[in-house]
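A.B. asks: Listed here are the chains, written in short residue letters.
2 protein chains.
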Amino acid sequence: MGNNQKIGSTEEKILEAAKKVFIQKGMYGARMQEIANEAGINKALLHYYFRSKDQLFEAIFQEAFTEFIPKAFSVFHSKKPFEEKLKLFVSNYIDVLTANSYLPIFMLNEINQNPDRLGHMVNMMGIVRDKVSVELKINEEEGRYRAMDTVQLLSLVIGMTLFPYLAKPIIKGAFSLDNETFHAFLEERKILIPEIILNYLKIKN
Amino acid sequence: MGNNQKIGSTEEKILEAAKKVFIQKGMYGARMQEIANEAGINKALLHYYFRSKDQLFEAIFQEAFTEFIPKAFSVFHSKKPFEEKLKLFVSNYIDVLTANSYLPIFMLNEINQNPDRLGHMVNMMGIVRDKVSVELKINEEEGRYRAMDTVQLLSLVIGMTLFPYLAKPIIKGAFSLDNETFHAFLEERKILIPEIILNYLKIKN
DNA sequence: GTCTATATGGCGATAGAC
DNA sequence: GTCTATCGCCATATAGAC
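Chains A and B, in that order, are what the protein sequence lines are. Quick note, the first sequence lines up with residues 9 to 213 if you use my numbering. Quick note, the second sequence lines up with residues 9 to 213 if you use my numbering.
Certain hints may be false.
Because identical chains cannot be distinguished in the list, a pair is counted as satisfied if it fits within a single copy or across any two copies.
Restricting the straight-line Cα-Cα distance to at most 27 Å, the calculated cross-link-like pairs of lysine-lysine (DSS-like) are [unchecked claim]:
#1 180 to 93
#2 95 to 210
#3 139 to 180
#4 145 to 180
#5 180 to 61
#6 21 to 51
#7 51 to 145
#8 212 to 51
#9 79 to 212
#10 87 to 139
Derived by calculation from the structure, the hints in this document are not laboratory data.
Turn these sequences into a full structure, and let the hints steer you where they fit.
C.D. replies: In structure tokens:
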């Protein structure tokens, strides 16, 4: 393992091109010819490096899974206080998503069409839930937070954070936001989302 | 216009089958043969009723758009107080989604791959935003709510509500929820989501 | 490793009998 | 309206020269 392919190597050019086309068109909409064009090479070379379209797709999909998701959830493994973790997660997640804005809808769609692809993600999310559970419990027992189900909390935060990327064309179209305004809209959520959640969790004196 | 095709007519059987297959596999993953099998008829009949695969797809897509979306957002045209509208919207939206749980990921994905398909939705969402804006403004001026951007509010509520349907296999898999538990999880959100939003909006005395 | 040329199969679409 | 048979294309995949 390890990313010690030369930068600019043919294999890497193929992976870049395939990522772009697969994410844009999906597994069935993508064409091997288009990937070859995008990579500036011949169609037959794709089969030389990756035996089939399926295997090329799987390489892209797994790469997204093993790099993207862990990066987004890494904060939960730190030792910071819960409120800080929450703020950092949202902020960090928004940055990662902004840099890969077409990845989420692609991944969700492919997982829905073939749930077998879930793989390791299941374990990772389970660990995140357990860690968050412990912190919620402590805060609850010490009278700072109200009781709240961890799965609800996580899915609310992730839902709020992720949605603008999934519905980007709808939001931009329906509310006539240009790129700059849309970006500002996303940035604002780094503050807004933790604020809303913490405001609900915290018991007022 | 008008749904006065006989129930069980060939055309309706085709539409049912096409809806099922297109939603499951997407535009490019779907096969005309599979739709024909699902409808219990011959492949050639599909072309007799709908000239091409594209036109059949468009029929399905537009039906989802013109029935599903307006139903979900109809509450905002009523005269109830804002808090009630919010609660009804979330509750009603969850019911509509539960009855069509594979529709959202399908629609979002197809819109992302071809944003031209947005069509009328743009106008409808614009109207919803304007109505909500007015109500937020009144509540703000009368000192009950803090100031909040309408697009943020709408996208937070929709994001929280929609997300479990988009990530259904992930949530069920990662947190090992069976069907019953997952359904209870969804029901709980009818209360939770409005509570969180209103708790944030309302200014405490 | 990289290319051109070609094989192979599948899919959307049509022709034409009934 | 509904079927069977078939066309024509295009996409994946392979063969084989360089």
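A.B. asks: State for each hint whether it applies.
C.D. replies: Hint check results:
1. Taking the closest pair of Cα atoms, residue 180 and residue 93 come within 27 Å of each other only across two copies (24 Å); inside a single copy the shortest separation is 30 Å, beyond that limit.
2. For a Cα distance limit of 27 Å, the shortest separation of residue 95 from residue 210 qualifies both inside one copy, at 15 Å, and across copies, at 22 Å.
3. Proximity of residue 139 to residue 180 under the C-alpha cut-off of 27 Å is restricted to the inter-copy arrangement: shortest distance 18 Å between copies versus 36 Å within a copy.
4. For the identical chains of this complex, residue 145 and residue 180 are inter-copy neighbours only, at 23 Å across copies versus 39 Å inside a copy, given an alpha-carbon limit of 27 Å.
5. For the identical chains of this complex, residue 180 and residue 61 are neighbours neither inside a copy (33 Å) nor across copies (29 Å), given an alpha-carbon limit of 27 Å.
6. Within a single copy, residue 21 and residue 51 get their C-alpha atoms as close as 13 Å, which meets the 27 Å cut-off; across copies the closest is 41 Å, which misses it.
7. For a Cα distance limit of 27 Å, the shortest separation of residue 51 from residue 145 qualifies neither inside one copy, at 56 Å, nor across copies, at 58 Å.
8. In this homomeric assembly, residue 212 and residue 51 never come within 27 Å of each other (Cα to Cα): the closest approach is 64 Å inside a single copy and 65 Å across copies.
9. In this homomeric assembly, residue 79 and residue 212 never come within 27 Å of each other (Cα to Cα): the closest approach is 34 Å inside a single copy and 38 Å across copies.
10. Taking the shortest alpha-carbon separations for residue 87 and residue 139, only the intra-copy value of 11 Å comes in at or below 27 Å, while the best inter-copy value is 45 Å.
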